[in-house]
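Asks: From first to last, the protein sequence lines are chains Z and S. Each residue of the first sequence is one higher than the one before, starting from 2 at the first, in my numbering. Each residue of the second sequence is one higher than the one before, starting from 2 at the first, in my numbering.
Honestly, I wouldn't trust all of these hints.
It does not matter which identical chain is used: a pair holds within one copy or between any two.
Claimed, not checked - Derived lysine-lysine pairs resembling DSS-like cross-links, with alpha carbons at most 27 Å apart: (1) Lys538 - Lys420; (2) Lys538 - Lys375; (3) Lys166 - Lys375; (4) Lys677 - Lys694; (5) Lys688 - Lys677; (6) Lys306 - Lys109; (7) Lys306 - Lys149.
Since the hints were made in silico from the structure, they are not lab data.
Number of protein chains: 2
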Amino acid sequence: MRHIVLVLLSFLCFQKTYSQHDFSNDVDPLIGSMGEGNIFIGPTLPFGMVKPGPDCSLNSNSGYVAPSKDSSMFGISHTHVSGTGGGPKYGNILVCPQLSSNLSSNYKIYRQNEAVSVGYYSTELENKNILLELTATNSVAFHKYKFKNSEKSFVRFDLNHHLGKENSNESQYLVGSELEILSQTELCGYTRVRGGWNQGETYTVFFYAVFDVPFDSVYNGSTTLKFDYNSSKNTVVDGIAAFGFKNNAEVKLKVAISYNSSAKAKQNLVRELPEWNFGQVVLDARKKWSDLLGRIEIDESDLNKRKIFYTTLYHSCLIPSDRTGENPVFESHNAYYDDFYAIWDTYRTVFPLLTIITPIRVTGMINSLLDSYKIYGFLPDASSGNCIGLTQGGTNADVVIADAFIKDIKGIDYNLALKAMMDGSENDPGYFHRFLGRGGVNEYNNNGYVSYNHERHCTRTVEYALCDYSIYKVAKGLGKNSIADKYLQRSSNWKNIWRDTVINNAKGFIWPKTIDGKWVDSTYQTYWSDVTYKFEKEKRIFTPNSFGWGWDDVFYEGNSNQYSLHIMHDVPALIEKCGGALSFENRLDTFFAKKYYDVTNEPCFFTPVLYHFIGKPNKSNLIIDQILNSKFTHQKDGIPGNDDSGAMSSWFAFHAMGLYPNAGQNYYLLTSPKYKSIEIKLDNGNKFIVNTKNFDAKNKYVKKVYLNGKIFNSTSITHQEIMKGGALTFEMSATETDWGIIKNR
Amino acid sequence: MRHIVLVLLSFLCFQKTYSQHDFSNDVDPLIGSMGEGNIFIGPTLPFGMVKPGPDCSLNSNSGYVAPSKDSSMFGISHTHVSGTGGGPKYGNILVCPQLSSNLSSNYKIYRQNEAVSVGYYSTELENKNILLELTATNSVAFHKYKFKNSEKSFVRFDLNHHLGKENSNESQYLVGSELEILSQTELCGYTRVRGGWNQGETYTVFFYAVFDVPFDSVYNGSTTLKFDYNSSKNTVVDGIAAFGFKNNAEVKLKVAISYNSSAKAKQNLVRELPEWNFGQVVLDARKKWSDLLGRIEIDESDLNKRKIFYTTLYHSCLIPSDRTGENPVFESHNAYYDDFYAIWDTYRTVFPLLTIITPIRVTGMINSLLDSYKIYGFLPDASSGNCIGLTQGGTNADVVIADAFIKDIKGIDYNLALKAMMDGSENDPGYFHRFLGRGGVNEYNNNGYVSYNHERHCTRTVEYALCDYSIYKVAKGLGKNSIADKYLQRSSNWKNIWRDTVINNAKGFIWPKTIDGKWVDSTYQTYWSDVTYKFEKEKRIFTPNSFGWGWDDVFYEGNSNQYSLHIMHDVPALIEKCGGALSFENRLDTFFAKKYYDVTNEPCFFTPVLYHFIGKPNKSNLIIDQILNSKFTHQKDGIPGNDDSGAMSSWFAFHAMGLYPNAGQNYYLLTSPKYKSIEIKLDNGNKFIVNTKNFDAKNKYVKKVYLNGKIFNSTSITHQEIMKGGALTFEMSATETDWGIIKNR
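Using the sequences plus the hints, can you model the full thing?
Replies: Okay, structure coming up:
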C-alpha cells in the first residue's frame, strides 16, 4: 500500500491551504458498497456530474463490486448513480489502462490494493504492474496511470460499454458511439444509450479527453497500427480503440463529459481543470465536501462512529446530479438536476436533510422539477438520462414542494408549483402511468380510491392522499381556501380502502378493493424467479403480510401491515381507525416484536416514531436505538437495503441528531440523539445545537428536554424554532421516564 | 434568366448518359407553392433526408414564400417538410451567401429570377450580384455561389435559425447550437431544437460542411477578424458566423447533415458526394426521380397537363423522409422513416399510391412504424424530429397495415403488426392522447363510442370503427377468427353515435353524445381569431354544418354533414342508415349542390365515389371531373388546401388514372380516366394499362369497361387483378349510359 501513503503525503504539501478540520476524512465511501447498499464509491463532487469509478459487473447498479466477491473490472466508466435498485443505468465512456492492446468488450483486468477516500480512488492492476489513480472536478475525471514492467503501455477506450447489459427487464441498449482522434494527445466522441432502470429515452454522453503525453500508436480492431498523426488525425473509429505509449509510461489523462457536445465537454475541461496538478484536484474535491459536511459538527472521538454519521451526509449529496447548463432537452436559466431516483424514496428524509444543510440545492432541484412540468405537463417522480420516469408511488414531488413551502425555502414560484401539483392530481397519464403522474387518478378522483383494476392500487391510494394533503398545505398557505378544502377532503381518501376487520388483534387494514366496492380476498403476487431472472406471478390469499414488491402488485415495496401504518399526514385519524391509542400501541408493539417492520424500504421509515403520537416517545427511542445499532455500521455492508439516493442514510442522520421530520409538515419529532453534541450551522448564519446530558449508551430514556435552558414541553420542534438557532438539550436517563405524556400537536 | 439557360445547357453535356425520357421534366415543383399547398420547392431525392430550400418566412411550413408575395429570404436551410399545416417544423442549418458580413438573425436578402426544377434551385440575390444554385444527394446539399461586383464575398451560417419562431401554439425553440471551424475549408456543428407542430421532443441536426476554396476571414459577433488558421482551428463559436472570400468569388459548398453526429455527416458526404461536379449531381437527382415517376407513363402531349399529373406523384414521394441508418433514438436494422405527417392524412391515398409505384417503401415505412411500436408501445399516427405524435383521428396506421396486408406487401411481420394494432386499440393513452394511441378508447371499448367528455369525439368514434375494421381484416386473414369477430363487432361502433333525425331531408347524422347517452344539441366550437392569432371558443347550437377544425372540437377538419358520409368500411350499412339508396342519392346530390363538400380536407376524399355504391358510378364521375378540372391546375396555387404530405396530390393521381382505392380494402373503384392511356409498370414486372376509347373532354360518361378486351362487369377492380397486368379499357360516351347499374361488391 506504499503508493497510498505517498499520495497522502503528497497531499500534505497543499494541506496548509485548508487549515480547518477536514470532514472528508470522516467519510468512508466504501460504507454501503457491499450487500444491498449499491453505493457509488468513486471520486466526485457534491451532486457532481461526472462520477468516475470502476465497473466490475454489468449487473451492479453502481458499477462497483467489492473485491472480496470479484476483484476484476472492465475499467473506469464516467457516469453512475448511487444507492439505486432496479436495472442499472449509465456506466458510459469506459477507460482502462492495460498491459496489452486487447480490445474485447468482455476483457476484464484484475485489481488489488484499492484505496478509496473522498475525492480519490486508486487501485493496482495486472499484478501490481499498473497503479491507477483517479479524482474529479464537477464534470472532468482526472486519471493518473503508472506502468511498470511493461513492454508497452496501453489505454483502452470502450464507448460501447454500459451497465445493465444482462438485465432482461430494464436493459440498457447501445444506440451508437464514435471515437474521434483529434491530435496525438486528444480524443473526443460520444456514446448513445437508451433504456435502463427508467426504461428511459436515448441519452448521449459526449466526452473530450486529453493525455499529458502523446500516444504513439492506435489499436483499432485486430490490426496493430503504427501511429501516423497525419493519417489518424480526425479519424473516427467506432466504439473501441486502444492507445499505445512507451514502456513503463506515466500517463495522466483528463476525461471531460458533457450531455451537449464534445466541444462543450472541452469547454468544461478548460474552465474546470486547465492544469495537470492531480494532488490539488484531490484536495479541492475534499475541500468542497468538507465545507458541505461541516454544516453539521458532531462531538464524537471514535472515528468509526464519526464515519457512520458523515458518510450518511455524504450519501445524501451524491445524486441527483447537478447538470446546470448541461440540459440537452430544453432551454432554461434555472438549475438543472437529473437522477431523481426516485422522489418516492427521497421525499421523506433526503429533501428535509438538504433543507437543513444546503437549502439552495432544494431551491435548484424544485425549480428543475418545475421546468420539467412546464415541458412535460407533470412533475417527475424520477428522472435519469435526461428522461423523466419512473413513478413509484404517487406524485411525491408534491410532498417535496409542500415541505419546502412550509420551511420557507426561497426562490420558488409557489403559485406555479401549486398549478403543477394540481395538474398532476387531475390529469390521468393513462398508458404512461409508470412514467409520470398518478396512474388510475380518474378513478381516485371519481370514486375516492384506486381500485384493483390498477397496479399498486393500495400504495397509490395512500400516497395520493398524502400528496393531496401536500397540495392542501400549499393552497392553504397561499390563501386559496376553496382549493385547500377540496384537497383536504381528498387527503382522507385512504379511509376508502380501510377495511374494518380485526386480524391478530389489529383493527383495520389498508385493503385491495374492486371498482365495484368489494374487498378483494385473493390476489396475484409477483416475485423474482431466480432461475429465469424474471418476474413471475402466483395467486394467493391476500393477508396483511402478503408481500408487495413489483410494479403490478397491490403494494409497492411493502405490505398491508406496513402501509396500514403509513398515514404520515393524519396520524390522529389513523389511531382512531385502529381503535384508539391503546389498541394502536399494542398494534405497534406486535408490529416490531413480530418483525413486520422492514428497515430496508421506505414505507416503514415513519413507523418507529408513531409512539410519539400516543404519548410514548421513549418507546420510539428504544426501537430506533435498536435499529440504528444493529443495522448501520462503518463496514462495507453497513447499510440495510438499497441506500436509494441517500434515503436510508438520511433516515439515519436525522435519528442520530435526535430530530425526525414528517415530510410536508413543519416539525421534527424529538428522538434520543446518538452523539453527545451536534452543532448545525444553519444557512441563515445561526447555529442550532443538540446537546445531551447524561450521554451514555445505557441511558436510553429521554427524561426532559430543554430549549435554550428552559424546559421544552413538546416532543416535537418546528423548523422555524430550529432556524432561530439555539440549543436543544436532551436529559437522558437509564430508567423509564414520563417524558412525552403531553399530547402532540 | 440567362444563367438558367446556361445551367440547362451545361446539363446537356451529361444528358447522353440517360437516354430515356426524363420524367423529371414533367414536374413543376412550384405547383402548390402558393395558396395553401405548402409544398417544399427545393432540390431533394425521393423521400430525401436533406431538403435544402429558401426560408422566406418563419411562418411558412415549407420555409418558402412565392416571390409575388415576398421576395426576401433568410437563406437556405436544410431540413423541411412538404404540404403540412399547423406550426412549422425544421428549417435548420441556415446558410446564405451575401455581400456583407451582417450576422443578424433577422437579416434577409432579396432574391429574383428564381429557377426551380426537379433536383435544382437557383436564384439571383442582392440585385443580381450573387447567383445561388442548389442541388442535393440524399443527405448532402450542394451549394454553388457566384459573386460579382463584390468587394468581398461572404457566406453566413446561422445555426440558431429555425422555422416557426412566431407561431404561438406550436413554436419551435432553440435548445442549443455550435459551429466549429475544423480547417480553412471545413466546418461542423449542430443545432438542437424542440417543439414545432407535433410539440416534439428535442432533435439535433448535425452538419459537416466543406468549401472548395479556403475562406480567408471569419466574422463572429461585431468584430471583423482577420482569419488566422492556427488560432481559429477547432474554434467553437455559438450559432452564427460569416466566412469571407475574395471579391467576385466563385464558391462551392457541400453541407452534409446527420441526426447522429458531425462525424456521421462527414461520412455521409464522403460516401455520397466526394466530387465537386455540380451538374452531375443535378442529373443524378433527376435520374432518380425519373426512374420513380416513370413507373406510370401517361399518353399526354400537353406539358401543362403532364405536369399536373407527374407533380402529384412527385409530391407523394417528398415525405416521410428516409433516414435509414440515421435514427438517433433506438437501434434497428430496419429502414427508418420520419416525418409521417400525418398518417390520418395519408392513409387514404398516399400509401395506396406508393403500394403501386414503390411497394418497397411501404414495407420500409411499416417496419419503421412497427419499430416505433416496439419502443413506445404504440404505432405512430405521425412523427417528426425523431419524435412520435401528433395523433389526428384514430390509430390510422391500422388502415395502412390492413391495406398492405390485403395487397400482399412483403417483408412485414403481420403477427407483430396485429399485436401492435390490438395494443393500440386497448391501451388508453390518457393525458398523452394527442400524441399517441386512441384518446378516450376506454370509453369507446366499454360504451361503444367516445363521449362528449373527450375532444374530437365524433371523429374519433368514426375513425376508431374504421381502424377496428382494419384489425378485423388482418386478424381474419391470419386465421384468428375470435379476434376478427371481436373487431368486426367494434367496427360498427359508429352506429352508436348515429342520430336518427331528419334535417333538410337527410336522414341520420353522426352526432355528439354525452357519456350518459344523451345527444348534445349545443356545443363549443373553436375558431381562429385573426386579431389575437389564437384559438377562441364559442358556444353554438350544434348543426350538421357546425364546423369542426381544432383539436378540441366535436369533429376534426370536418363537420357532421361530411363525417356522416365518411363510413368507408361499411357503405352498405351507411346507405341503410340513411334510409336506403334513393334517400342516399338525394342526400349526396344535395351535399354536392349545396357545396357541403370540402375539397381541402381528407374526410371528404371518399364522398364523390359514394354514388358507385348505389349503382350510379357516372354521377361519381361527373362530380370528380368537376373537382379535378376546377381545383387542380399547373399553376403555383394549383392545389386546393394543404397538400398534406401528398394526400391531396395522390387523390388527384388516382382519379386521373381512373382508379380510386378504398384504403384497407382490396379494390379500386373505377372512375373515368383523365388521360387517354396510362401505363403502370408494376413492381412484379407486369404492366397494367388503362386505356380510354372515345377519349374527349365532352365524353364524360363511361359506357362500358373491358378487361383485356372482354366486357368487365364491375365498377371496381381488385388489386390482384391489377397485379396480373393487362389492359383495362374505358369506353366513353357524351350521353348518359347504363354503366354500373349492377350491384357493387
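Asks: Hint by hint, which ones does the structure fall short of?
Replies: Per hint list: 6, 7 violated.
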